[in-house]
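> Following the hints, position chains B, C, D, E and F against chain A.
6 protein chains.
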Amino acid sequence: MKAVNSLEIPRFSGIRTFMRMPQAAEDDLTDISIVGVPFDSATSFRAGTRFGPAALREASLILKPYCPVLDVDILENLTIADYGDSPTIPGYTAESLDAIQKHLVPFYRKKTVPIVLGGDHCITLAELRAMYEAKKEPTALLHFDAHSDTIPEYFGKPYNHGSPFYHAINEGLIIPEKSIQIGIRGHLYDRHVLDYPKEKGMRIVLGDELHHRGCDEIIAEALSRVQGSPVFLTFDIDFLDAAFAPGTGTPEVEGFSTRQALYMLRKICTKINVIGMDLVEVLPDRDTSGITALAGATVIHAFLASFAWKKSNKLCQGYFR
Amino acid sequence: MKAVNSLEIPRFSGIRTFMRMPQAAEDDLTDISIVGVPFDSATSFRAGTRFGPAALREASLILKPYCPVLDVDILENLTIADYGDSPTIPGYTAESLDAIQKHLVPFYRKKTVPIVLGGDHCITLAELRAMYEAKKEPTALLHFDAHSDTIPEYFGKPYNHGSPFYHAINEGLIIPEKSIQIGIRGHLYDRHVLDYPKEKGMRIVLGDELHHRGCDEIIAEALSRVQGSPVFLTFDIDFLDAAFAPGTGTPEVEGFSTRQALYMLRKICTKINVIGMDLVEVLPDRDTSGITALAGATVIHAFLASFAWKKSNKLCQGYFR
Amino acid sequence: MKAVNSLEIPRFSGIRTFMRMPQAAEDDLTDISIVGVPFDSATSFRAGTRFGPAALREASLILKPYCPVLDVDILENLTIADYGDSPTIPGYTAESLDAIQKHLVPFYRKKTVPIVLGGDHCITLAELRAMYEAKKEPTALLHFDAHSDTIPEYFGKPYNHGSPFYHAINEGLIIPEKSIQIGIRGHLYDRHVLDYPKEKGMRIVLGDELHHRGCDEIIAEALSRVQGSPVFLTFDIDFLDAAFAPGTGTPEVEGFSTRQALYMLRKICTKINVIGMDLVEVLPDRDTSGITALAGATVIHAFLASFAWKKSNKLCQGYFR
Amino acid sequence: MKAVNSLEIPRFSGIRTFMRMPQAAEDDLTDISIVGVPFDSATSFRAGTRFGPAALREASLILKPYCPVLDVDILENLTIADYGDSPTIPGYTAESLDAIQKHLVPFYRKKTVPIVLGGDHCITLAELRAMYEAKKEPTALLHFDAHSDTIPEYFGKPYNHGSPFYHAINEGLIIPEKSIQIGIRGHLYDRHVLDYPKEKGMRIVLGDELHHRGCDEIIAEALSRVQGSPVFLTFDIDFLDAAFAPGTGTPEVEGFSTRQALYMLRKICTKINVIGMDLVEVLPDRDTSGITALAGATVIHAFLASFAWKKSNKLCQGYFR
Amino acid sequence: MKAVNSLEIPRFSGIRTFMRMPQAAEDDLTDISIVGVPFDSATSFRAGTRFGPAALREASLILKPYCPVLDVDILENLTIADYGDSPTIPGYTAESLDAIQKHLVPFYRKKTVPIVLGGDHCITLAELRAMYEAKKEPTALLHFDAHSDTIPEYFGKPYNHGSPFYHAINEGLIIPEKSIQIGIRGHLYDRHVLDYPKEKGMRIVLGDELHHRGCDEIIAEALSRVQGSPVFLTFDIDFLDAAFAPGTGTPEVEGFSTRQALYMLRKICTKINVIGMDLVEVLPDRDTSGITALAGATVIHAFLASFAWKKSNKLCQGYFR
Amino acid sequence: MKAVNSLEIPRFSGIRTFMRMPQAAEDDLTDISIVGVPFDSATSFRAGTRFGPAALREASLILKPYCPVLDVDILENLTIADYGDSPTIPGYTAESLDAIQKHLVPFYRKKTVPIVLGGDHCITLAELRAMYEAKKEPTALLHFDAHSDTIPEYFGKPYNHGSPFYHAINEGLIIPEKSIQIGIRGHLYDRHVLDYPKEKGMRIVLGDELHHRGCDEIIAEALSRVQGSPVFLTFDIDFLDAAFAPGTGTPEVEGFSTRQALYMLRKICTKINVIGMDLVEVLPDRDTSGITALAGATVIHAFLASFAWKKSNKLCQGYFR
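Residue numbers (the working numbering), protein chains in the order written: chain A, 350 to 670; chain B, 350 to 670; chain C, 350 to 670; chain D, 350 to 670; chain E, 350 to 670; chain F, 350 to 670.
The shape of chain A in the complex, shown without the other chains (with noise of 0.2 Å):
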């Protein structure tokens, strides 16, 4: 199970699997295993990230396995493989969490760690009642966005892209005092919105004090709550400034750069256990000149990157520390 040389076939060549890795199937092992989760109908505003998977794909063909930041190449420390998509049922969105549920338990099951291409932001709550589902634990969590997503309910009903942090806390799926939500901005629909998971114990940075004490803070922060722990880390592409990353369903402007992202990710990932890992509210169809998918797939790549570097034991060169 080998990657393709881009140096030797050209990398707009060939059948799109995620870095050009090679595809596999529910019974192989690899140390990473990426997984599509071609779902969008709990979307709030804006639907079509059930064509985030393949543009994650199609992103992820520019990226090579050497990352001069840190000073480690992916493939010689990770055994990576694609192994397809999940089912989902368009407009079921009870459903089809537990079919995707269904298909990630044996994923948390093996000595792996799952890496979902979404999606939008609810297929999250399945990620993680299959991972509780598997390990019979919650989690830390770690999450990049730039909403909560802690709502309750909409339009009367449970499921939906603003609401699986809710329920993942009311489930007891994650463990809010060892969780962690950077970079919150969109405006709310009441002051009362995030009560509830502060309550809980959630800490949740606002994007205007990430914008104000700046990452190094929130970082050491972050690493304060989740060290020690499992990691579940999710990021939803609209943590990015909608400059950076336009192609999402609710992009919000005053974010953050693609060097803010990579930087911390790398700060935190080279020190933390992490345990499953999603990318989601990629929306192709909004992505007119491809940066959105682009950034999504650097965003993985610098996950697997620091992945790779905690797993070689390396000291990192250079500027990076």
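Derived from the structure by calculation, the hints contain no laboratory data. Possibly wrong hints are sitting among the right ones.
Where chains are identical, the list cannot tell them apart; a pair therefore holds if satisfied intra-copy or between any two copies.
[Claimed, not checked] In silico SDA-like cross-links for lysine to any residue, where the CA-CA straight-line distance does not exceed 25 Å:
#, residue 1, residue 2
1, K451, G363
2, K484, R608
3, K616, D539
4, K659, L555
5, K616, I364
6, K549, G363
7, K506, D544
8, K351, A448
9, K459, E486
10, K547, E425
11, K547, D422
12, K660, V554
Here the structure is a predicted model, which means the values were calculated and not measured.
Here is chains B, C, D, E and F on its own, set in the frame of chain A:
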């Protein structure tokens, strides 16, 4: 309640309503009631038609009241108002169908012809249920589409934009023997997909047949089927060729021009008793130059002109007869 | 003064002129004078045709000199140069018409046929005034369009892209009895909009009539009208169906294909005496895939080939006659 | 008069008004009056901002009432309604300025703050004239832009979107000594273009200066200039960098992020007395992914939150002060 | 090896292969072998068709196995697999032709019909060379295109997407007397461009001739030419009118609809012995709404259905004969 | 030879040259010579930069001569002309490099600074060869880019847009010890990719290092490297972050803003002796809103202003020093 005069106030001005018609509320009464149904959760491929009603309103700004083909002025003969949109519940198809039905019943109870701006084609099931609930009898169906939408279930679930007419037949909402589907040309999952509607008496005119026999023969056949009954007219924009309507979720090539569509509509609708209409499956995010929404709005305009012509009992001038 | 050879220098190279023709200045003399008029302030709906001349030049790169339908080589029979653009004053319609007229008069005084790249249709009024100022006599009008553009005033003002031919008739610049408007199909503000031009003797061929009677009958009628007089040819790109020319400000469905347009043009223009031409209403910002500018450039090419054919007194080969 | 609740009716539903606010007519009274001015005839380069008001309304659907940065709920403190659009006369700049002024005077006579959705920047001249006609005194100007727009004439004519503030100074509508232009960075026709406004007392903060000195210093300077007087706030979207606001007619690189803009706005507008505001130069046809209209709508939201904060006399929480 | 069932797993899911067919490797054997050739270095105008194979795979997701026109189920009659892409060397045309040829020879040696997803038209030369190397005899050519692509050299070099059929004739790969080019309508560099292929015996049906004589006459002529020999079918997407296939490098107006193309293909391909096929010149970056890739994928589907029909020896139902 | 005055003739008018400068031919002499090189065959991923020169000319229309940051008027200090484009041979990389070199040598022999509008980055090799052929000595290299482009071969061939600086070092065209590459951040095929240039003495400033140390430190280092020698300045537009320059073939996130780029350029270029410059890798088909071409044209403008400033021996005003 008057439309805005576009010779006085440029038509790019103001809050968008269909054809710049006045806004109205549920208890008003007009000959024609424009109602949006921004629902797309039942879509099997590309979502996004929830923005269809807004796109149709925007595109309709360009339309003017006098139709030179029929020599009839719509506004001299009809009162028209825009009643805004129905509620929906994204991600909950069955529940949305109920909400839409509930919203539409009052319109069918009034002496008005509702024209629904879709939305994916699944909403027609809610319209037909509302019509049936109000009028207590089934209707003839005049259906332009590339797909017959008569598949019993998708992904193990009953409601999908590929299934409304299966349910409409099954629930007795339409009279198959007085119904006709025109332009059906999408490839099929297998040869038996069309058996059920045919057995029930539905006439299905394949696209290939319409191309061979020509519009006039099919017009005659449609009239012979639906004349004499109240008729529900449903127009899926993908009846048009992908070149004429690229902005839809499941476009099909080898289709029909706007000329063919409008010609057939005028020839048929000036001679029948339409009690409800919809225009569905306009998907703005894929409608890069806006011609699909324009085609959709003009289809509605052609229906309005035909309806006005019939009401005015006018003998048509010139080339139309 | 020679065109660039695209078999030697790739046609995507170099500073853009129409069909890669040489540039010239006002006092040069060529059979054909290409002049841009980048003006769109008189637009009633979508502006942006001020970038029409540049888009037509860009699209024309792809055109080659030999027309196989007419078996004629344009460059063997005609000298052509690109004279750049006329001055205009954005936001000042009346003053711009004066500036354009002043710029064009010298061309009409020379033994050349000016071909104007528009711009919105209001510029044709300036062209006709320039033609009249130079030649002191009115002209027959051969007009392809979806709109007759004969509304006396818009928003209380005389000059608008919906009004040039009202003024042209009124000012005696064209001879209505020798003129014809073909393809008119836009809906109208009221039934009397077309009364004035008809009363003055203009022949208006509605789109519906052209669809019914076919191109050949209308070609014959056009020839019987305009043959024997000098003819001004004006081609609004929205004569074409919205599918064939999406990039225009007021597109109309139920229109005509490029095949129909070019067929009619060749049949008519090989037999008449054109003294001026324009191609108007190409709006690049709405022309997402560039086919509208390509259609516009090819319409001009068809005119050039017809003109070359006539000049060469050639008997046409093959299917054209 | 209530805004629509987006937790009940999805925000992609219904007839578009700004932030889903109720519609109102001229003789209603609300704290804030949203008025569109769909005018772009005074544009020197790319036209199309006549569709700006519609795009801003569409983009504003996503905005919610509570601002977490200022800890203030806009709708708890302010009544807001959408009053539709002003009339304009495309292609007649001077006459349009008169029509816009006439339309706006009643708003300035009422106890309301009009927020105008542009349109090109020339409309600000009409707004200032209306303000002056109603209030009989000039105002301080707080102006965010890439261009100072103080050129006396373009193409031999006085009114152009590059000239409004020359006329505003000249006509005594603003008090240059109490005014400030921030972010000016477009290249100039010559070094003397900025002499006139400077001689009259205007403070012009070049983009380079803002980059060097940082937002806080310029905020202080702006406050020292405009505090104590009634202030007119005009925000040209091209103050933002082209990456953050590509959809405008004369974008400029080396500009500012939405973070910088909103930070400055909140810091300044919570402390001053704004009597009129506009947001201009959003050009939807160039706004391929919609982030420009979103940025524009969010700028207005930041102003509304600041205004609500000031009205509520609230002490700001957290990082804002 | 089975295709994915789109009634169970939504067709927007999974790793993209043509029509969701199984993947295979060189030594597998299926009736039909899908092979991509992502090469565009030989393009004389717009490059980008290297992304054609990926776009065709994406567009093909929407296609289903049963063709109602021919009443045939492709998958009941044929085994099909996707064999991924050929290697290429961007910027080295001659060397790439060699690499492609080498990659394709094994397919032509097997009992399979390779269908190549292009790529620019120059790759057909490599295909024909591979076919000849494997089978040791030339083939009849059935060629749909707007351009005859028989120019000996461009820019002083032999290989260009305007030259493959010059070389194919010259190298004895095709039998001109048994070959036909249909739809040729691009303007020419000069009148002698088509002399060489005609002298060699090639039949060139100009677009104008096809428009005049109609599809049925040309179908008959094509059959009389290519029946009885093995046939290589090459379909350049620009055979279609620019309105039907905007996403290509050298689009041409005055072309043909998808209806005309598919009608001709079915009528011809059910009666001939095709040994190789390609679909070339789809350029995704210019295919703003995706209809070009859809048209291309459907052309291949029509060929597959015709091939299946022939293999099943089926008597066609309904309107096809 | 004068530029067009955009206060008299609107800048959207006329045949496009860079900054509306006069056109010139090879034997003219100006301080600055604008030359396009429309070549993209050496592209390893997305092609299309052959349309870069045209896009840069179009975008440059908006630029004006006076730079307020440097307080310098370009046209008061420099003569500039647009010399059109170099010949190229699409699909033949080595031969194209020769043709470009031959075209450029005469410019390097004249007392002019050629500014090349690219084109993919491989063309820089032809420029450096031409420079060397004319001047007989190597040059220092000042290189802004996301990629070092020092890979010896791709796909078994020497010339590719990822390889020019390997060859430039190897052929002795540049002096590595006096050269610097700034902003390099693309992931690498392996850790040894950068060994060769480093061993030869090249200074490679990774993007991460530039982010950490800031512009001022890197400016100082660049000056210490290249001052005192003739300098060739090459600017790959992907030095900019993908949000600021989406329209390029291999965009990279975590990059730099236009502010950072222009700030560095002005600080460096006012103090060094540049003898040649290029701006490469603008890919219009991916530049959906045109900001990439605008950024590219403005980079050239910043160089021109710096060059003019240096020539005028002017002391910089305001914040620049």
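> Between copies, within a copy, both or neither: which fits K659 and L555 at Cα up to 25 Å?
Between. Shortest inter-copy distance 22 Å satisfies the 25 Å Cα cut-off; intra-copy 29 Å does not.
> Given a CA cutoff of 25 Å, do K547 and D422 count as a within-copy pair, a between-copy pair, both, or neither?
Between copies only: 19 Å across chains, 39 Å inside a chain, cut-off 25 Å.
> Have a look at K549 and G363 and pick one of within, between, both or neither, based on CA distance no larger than 25 Å.
Cα proximity of K549 and G363: none, with 48 Å in one copy and 36 Å across.
> One pair to classify: K484 and R608, alpha carbons no more than 25 Å apart. Within, between, both, or neither?
neither (34 Å within a copy, 41 Å between copies)
> Can you tell me if K660 and V554 fall within 25 Å by alpha carbon in one copy, between copies, both or neither?
For K660 and V554, the Cα distance exceeds 25 Å both inside one copy (29 Å) and across copies (27 Å).
> Reference check for the pair K616 and D539, CA-CA at most 25 Å: within, between, both, or neither?
Classified as between; 22 Å across copies, 34 Å inside a copy.
> How would you label the pair K459, E486 (within, between, both, or neither) given a Cα cut-off of 25 Å?
within (15 Å within a copy, 55 Å between copies)
> Within, between, both or neither: how does the pair K351, A448 come out at a Cα-Cα threshold of 25 Å?
This pair counts as between: shortest inter-copy Cα distance 22 Å, intra-copy 30 Å.
> Could you place K547 and E425 in one of the four classes (within, between, both, neither) given a Cα distance threshold of 25 Å?
between (41 Å within a copy, 23 Å between copies)
> Can you give me the call for K506 and D544, within, between, both or neither, at a CA distance of at most 25 Å?
Answer is within: at 20 Å inside a copy they meet the 25 Å cutoff, but 37 Å across does not.
> My question is about K616 and I364: at a cut-off of 25 Å on alpha-carbon distance, are they close within one copy, between copies, both, or neither?
For K616 and I364, the Cα distance exceeds 25 Å both inside one copy (34 Å) and across copies (32 Å).
> When no copy is specified for K451 and G363, does a C-alpha distance of 25 Å or less occur within a copy, between copies, both, or neither?
between (30 Å within a copy, 17 Å between copies)
Comparing the model with each numbered hint stated earlier shows that hints 2, 5, 6, 12 do not hold.
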